[in-house]
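Chain W is already provided as a structure; the job is to place chain Z with the ligands on it using the hints.
Chains as they are written, first to last, in my numbering: chain W, 171 to 500; chain Z, 17 to 271.
There could be a bad hint or two in this list.
Okay, the calculated beta carbon distance ranges per label pair [claimed, not checked]: (1) Ser-266(Z) to Glu-258(W): 51 to 61 Å; (2) Ala-301(W) to Val-91(Z): 32 to 42 Å; (3) Trp-211(Z) to Asp-234(W): 52 to 62 Å; (4) Arg-18(Z) to Asp-284(W): 19 to 29 Å; (5) Leu-479(W) to Arg-18(Z): 50 to 60 Å; (6) Glu-288(W) to Leu-205(Z): 51 to 61 Å; (7) Val-33(Z) to Gly-350(W): 31 to 41 Å; (8) Leu-299(W) to Gly-201(Z): 32 to 42 Å; (9) Val-240(Z) to Thr-285(W): 51 to 61 Å; (10) Leu-148(Z) to Leu-299(W): 46 to 56 Å; (11) Glu-258(W) to Phe-95(Z): 19 to 29 Å; (12) Val-240(Z) to Thr-178(W): 54 to 64 Å; (13) Gly-112(Z) to Arg-280(W): 51 to 61 Å.
Keep in mind the hints are simulated off the structure, nothing from the lab.
C-beta atoms are modelled at their ideal positions from N, C-alpha and C, and glycine is treated no differently.
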Amino acid sequence: MITVKEVTKRYARNTAVDHISFEVEKGRIVGFLGPNGAGKTTTMRMLTCFLPPTSGTATVAGFDVLEQPLEVKKRIGYLPELPPLYLEMRTVEYLTFVGKLKGLSGTELRQRVDTVCERCAIPDVKKKLLAKLSKGYRQRVGLAQAIIHNPEVLILDEPTAGLDPKQINETRDLIKGLAGDHTIILSTHILPEVEQTCQQVIIINKGKLVATDSVNNLQSRARGAESVLVEVAGRNGDLDAAMVQQRLEKVAGVSRVAFKEKRQNRSTFEVESQKDRFLRGDLARAVVESGWDLNELRPSAVSLEEIFLQLTGEQPAPPGEEPAAKGAGK
Amino acid sequence: MRNIWIICRKELHSYFVSPIAYLLLTMFAVIMGFFFWNVLGYFVFLGMESQMRGEMYPMNVNEQVIRPLLSNMSVVGLFLIPMITMRLFAEEKRTGTIELLATSPVRDAEVILGKWLAAVILYGCMMLLTSLNFVFIFKYGNPDWKPLAVAYLGLLLQAAALLAIGTFISTLTRNQIIAGAATFGVCLLLWVLGWVSGYETATWAQVLSYMSVITHFESFAKGVLDSKDAVFYLTLTFLGLFFTARSMESLRWRS
Ligand SMILES: Nc1ncnc2c1ncn2[C@@H]1O[C@H](COP(=O)(O)OP(=O)(O)O)[C@@H](O)[C@H]1O
Ligand SMILES: [Mg+2]
Chain W
171 MITVKEVTKR YARNTAVDHI SFEVEKGRIV GFLGPNGAGK TTTMRMLTCF LPPTSGTATV
231 AGFDVLEQPL EVKKRIGYLP ELPPLYLEMR TVEYLTFVGK LKGLSGTELR QRVDTVCERC
291 AIPDVKKKLL AKLSKGYRQR VGLAQAIIHN PEVLILDEPT AGLDPKQINE TRDLIKGLAG
351 DHTIILSTHI LPEVEQTCQQ VIIINKGKLV ATDSVNNLQS RARGAESVLV EVAGRNGDLD
411 AAMVQQRLEK VAGVSRVAFK EKRQNRSTFE VESQKDRFLR GDLARAVVES GWDLNELRPS
471 AVSLEEIFLQ LTGEQPAPPG EEPAAKGAGK
Chain Z
17 MRNIWIICRK ELHSYFVSPI AYLLLTMFAV IMGFFFWNVL GYFVFLGMES QMRGEMYPMN
77 VNEQVIRPLL SNMSVVGLFL IPMITMRLFA EEKRTGTIEL LATSPVRDAE VILGKWLAAV
137 ILYGCMMLLT SLNFVFIFKY GNPDWKPLAV AYLGLLLQAA ALLAIGTFIS TLTRNQIIAG
197 AATFGVCLLL WVLGWVSGYE TATWAQVLSY MSVITHFESF AKGVLDSKDA VFYLTLTFLG
257 LFFTARSMES LRWRS
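So that you can see chain W by itself, here it is in the shape it has in the complex (with noise of 0.2 Å):
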C-alpha cells in the first residue's frame, strides 16, 4: 500500500531525513517510533505530498508522490501535528467544508459528516464553535476530517500528543476501530503506545532508518531466548556470587548465567533458558536447597524502550532504583 525507496528530505542546512526505505501492507496499523527530531513528521509531510523528497521515490496506493500527487491526496487522510482547524468555523461547517475539499458532495458529504461524528465521538459538539472546543475534542474533529472521504491511508502525526491519559485511550480506542478499513501510519516518541497499538514499528533515528518489523518480533529478537531474573541473598552475613552463580549453572536447562548486580548481601541474576516456565519452579529449589534465601524470582520482561536504546545505541536509563539502594547503602 505505501512503498518508500531511498527517500532523503535536506533542508537548508540539515539533513531531516536520510535513505529511508520501507513497505507497509494494506490493512496495517504501523508505529513510526523515533525520538523528537527524528524525521517522523518530515517522512509524513513527503508521504503526504506536502513535501517533495530530495532524493528518492515514495508511492501511495500505487500513485508516486511526485507525480501524481492528485491521486495520492485523493486516498490520503491526514492529521498533522497539529490539527489543521479553522477556528472560526463550526465543528459541521468545517468537516462540510472538508469533505468538499476532498471531493464529497451532496447526500453523501451530509451522510459521511455525521458518520464520522459518530465515529470520533463528536455529535454533541457539532454546532459548536472550533475555537471553543478543548484540546481532546479538537483532536477528534481533526482525526473525523482525516476520514471524511473514507481514505485507504491514514497518516497520523502523534495523534495522541498533549492528551491526557483518558483521551489518550479513547483515542487509542478509536484509531484501533479504524484499522479494518483503513491502512494507517501513526507516530509516536512513546513506545507503548506502539506496543497497544500497532503491529508493525519503523523505528528511525536522526533521520536514519533503525529497525522495521512487527512488534512481537522485534520484543522476542531483543529479548533472545527467554529470560527470569533471580535475586539470591545470603541467610547470615555475605552472600559469595560466584558460587551462587555456579550453582545456577548447574541447573538444567539454564544456558547463561548473567551477574547483574550485587547489593549488601543481596544479588541479582539473570537467568536464560528456552522454557523459562519450567526451569523457575527449578531455579527456586535449588537455591533455598543450598541454604540461601529467594528474595525475587520474575521473568524479565524487554520494553521497547530498551529494544529503542539497544537498536539507536544510546545509553539506557539506570534502573530507578538503583540510585536509592546505593545512598542506603553507603
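Chain Z with the ligands alone, transformed into the frame defined by chain W:
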C-alpha cells in the same frame, strides 16, 4: 472550478464571521460618504456663485462630482486593500491549516484563485455600498451613467491588481501584521511613483510613472475605457497571482 468556489466561499465566510468585513465596509462607506458630501457641497457652492455673478459656468456633474470622487475612492482603496489580503495565506501558515489545503486533492492555482476571488468580492461589496451615494445623484441630477460604469470598472480592475499583489505578499510570512504592513508599503509606493512625472520628464521618470497604479486610473475616472490601462491592471493581476503560485511552490521546496 468547483474547488475555486469552495475555497472562495470559505474565505468569504471567515471575512464575514469576523468583524473585519464589517469594519472595512463601514470605513469605506463613511469615508466615501464624507467625500461625497464635501464634493457635492462644493459643487452646489460653485453653482450658486455662478448664478449670483450672472455668468453661466459650464456645470457638469460627471466632471465635477463623479470624477474627483472616484479618484479619491481609488486612493482610499490603497489603504484598505492590505487589510483584506494580509490574512489570506499568513494566517493559514501560522495555524497550520495550510497543511490541510496542500494535502487535499486541489491544485495550488485553485486555492490561490479562490482566495483572491474572495478578496475581490469583498472589495466589490465595499464599492457597491458607495454606489448608494450615486443613487442620490441620479435621483436629483442627470449625469451620464456610462462614464460612471467605466470608472467603477477601472476601480475594480485596480483593486484586483493590488489584491493579487497583497495575496502574493501574504504567502511570504506567517505574520499577518507584517504581510499587511508590507502590502501597505507597496501600495503606497505604486501610488507615489506617479508623482515624479510632475517635475521630471526623463525616460526613467516616465517608466516610474507608468508603474503607478493611480496614473492608469486617470482615464478610467474620466470615463474613458483605454485598453492600455486595462491591460496594465490585468497584467499586474496576472503577475501577482503568478508570483503567488511560485511562492507557494518554493515554500514546499524550501521548508
Ligand atoms: N522547515 C524546516 N526547515 C529546516 N529544518 C527542519 C524543518 N522542519 C524540520 N526540520 C529539521 O528536520 C529534523 C526532523 O524534524 P521532524 O521531521 O519535525 O522530526 P520529528 O517529527 O520526528 O520530531 C529536525 O532536526 C528539524 O530541526
Ligand atoms: Mg514531529
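Hints versus structure:
no. : hint                                 : result
1   : Ser-266(Z) to Glu-258(W): 51 to 61 Å : violated (29 Å)
2   : Ala-301(W) to Val-91(Z): 32 to 42 Å  : holds (36 Å)
3   : Trp-211(Z) to Asp-234(W): 52 to 62 Å : holds (54 Å)
4   : Arg-18(Z) to Asp-284(W): 19 to 29 Å  : holds (22 Å)
5   : Leu-479(W) to Arg-18(Z): 50 to 60 Å  : holds (51 Å)
6   : Glu-288(W) to Leu-205(Z): 51 to 61 Å : holds (55 Å)
7   : Val-33(Z) to Gly-350(W): 31 to 41 Å  : holds (38 Å)
8   : Leu-299(W) to Gly-201(Z): 32 to 42 Å : holds (34 Å)
9   : Val-240(Z) to Thr-285(W): 51 to 61 Å : holds (59 Å)
10  : Leu-148(Z) to Leu-299(W): 46 to 56 Å : violated (33 Å)
11  : Glu-258(W) to Phe-95(Z): 19 to 29 Å  : holds (25 Å)
12  : Val-240(Z) to Thr-178(W): 54 to 64 Å : holds (59 Å)
13  : Gly-112(Z) to Arg-280(W): 51 to 61 Å : violated (27 Å)
This entry does not satisfy hints 1, 10, 13, going by the numbered hints stated previously.
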